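Here are the chains, one letter per residue:
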Amino acid sequence: SAVISQKPSRDICQRGTSLTIQCQVDSQVTMMFWYRQQPGQSLTLIATANQGSEATYESGFVIDKFPISRPNLTFSTLTVSNMSPEDSSIYLCSVERTPQSGYTFGSGTRLTVV
Amino acid sequence: LAKTTQPISMDSYEGQEVNITCSHNNIATNDYITWYQQFPSQGPRFIIQGYKTKVTNEVASLFIPADRKSSTLSLPRVSLSDTAVYYCLVGPTGTASKLTFGTGTRLQVTL
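If you read the protein sequences in the order shown, they are chains C and V.
FYI, the numbering for the first sequence is -15 to 98, going by the working numbering.
FYI, the numbering for the second sequence is 186 to 296, going by the working numbering.
Bear in mind the hints are in silico, worked out from the structure with no lab data behind them.
Among the hints, erroneous ones may be present.
[Claimed, not checked] Here are some of the chain V residues that sit facing chain C, going by a computed Cβ distance under 8 Å:
(1) Thr278
(2) Lys283
(3) Gly289
This one's a predicted model, so the numbers in the text were calculated from it and none came from an experiment.
From the three backbone atoms N, C-alpha and C, an ideal C-beta is built for every residue, glycine too.
Pulled out of the complex, with its shape left as it was, chain C reads as follows (with noise of 0.2 Å):
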């Protein structure tokens, strides 16, 4: 399956900042998508970016709060702009590799912000 670099790993941030969270792919893959994890929960799609267009969002997050870019088949980066501390959570990307072997995820930036 995929490898996948996430980064940072962890990082403190004060409110109102901006952190940007980069996702390199071993491999060309056609989608990417970015999750969010909240404390003790689930994962919860935010977007789905696709190299040469804008990134698909789902309902309840905006292109604002978390912009995405992805200028290549490889790499992915998600923005979390004008941090608030109820956007401390964990960030994870994902790709699909191949149909059998399902979705290969990073290991997650764990954000806190103060």
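Once you've looked at the hints, dock chain V against the given chain C.
Okay, now just chain V, sitting in the frame of chain C:
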């Protein structure tokens, strides 16, 4: 995507077989059933996937009845390191479709 229902938590002793059942009454014809495992501070990890009957790999077995409205993940002889959250997901494969995670089952294995 079909909604799934699974127990919130389960407890087991080391060495026992654990069966986690997932209900998916609205599964579609082209949907597969996939299970993921998530340890604390890690992303989910693919365990097993199936369409019907039984699938077995080196980690687990997946039992799917003929009506496909439920499935059971079977973990043989669990160890402490199997303590994790297990997610059952239902949806098409090969389409890079978005995954919808349910609440998952928190498995606690003790001595």
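**Message:** Quick check on the hint: V:Thr278 CB to chain C CB, less than 8 Å?
**Reply:** 4 Å, holds
**Message:** Using the nearest Cβ pair, does V:Lys283 come within less than 8 Å of chain C?
**Reply:** 5 Å, holds
**Request:** Have a go at the V:Gly289 hint: is there a Cβ in chain C nearer than 8 Å to its own Cβ?
**Result:** With Cβ-Cβ at 6 Å, under 8 Å, it holds.
Going down the numbered hints, you'll see the structure goes against none, and every one checks out.
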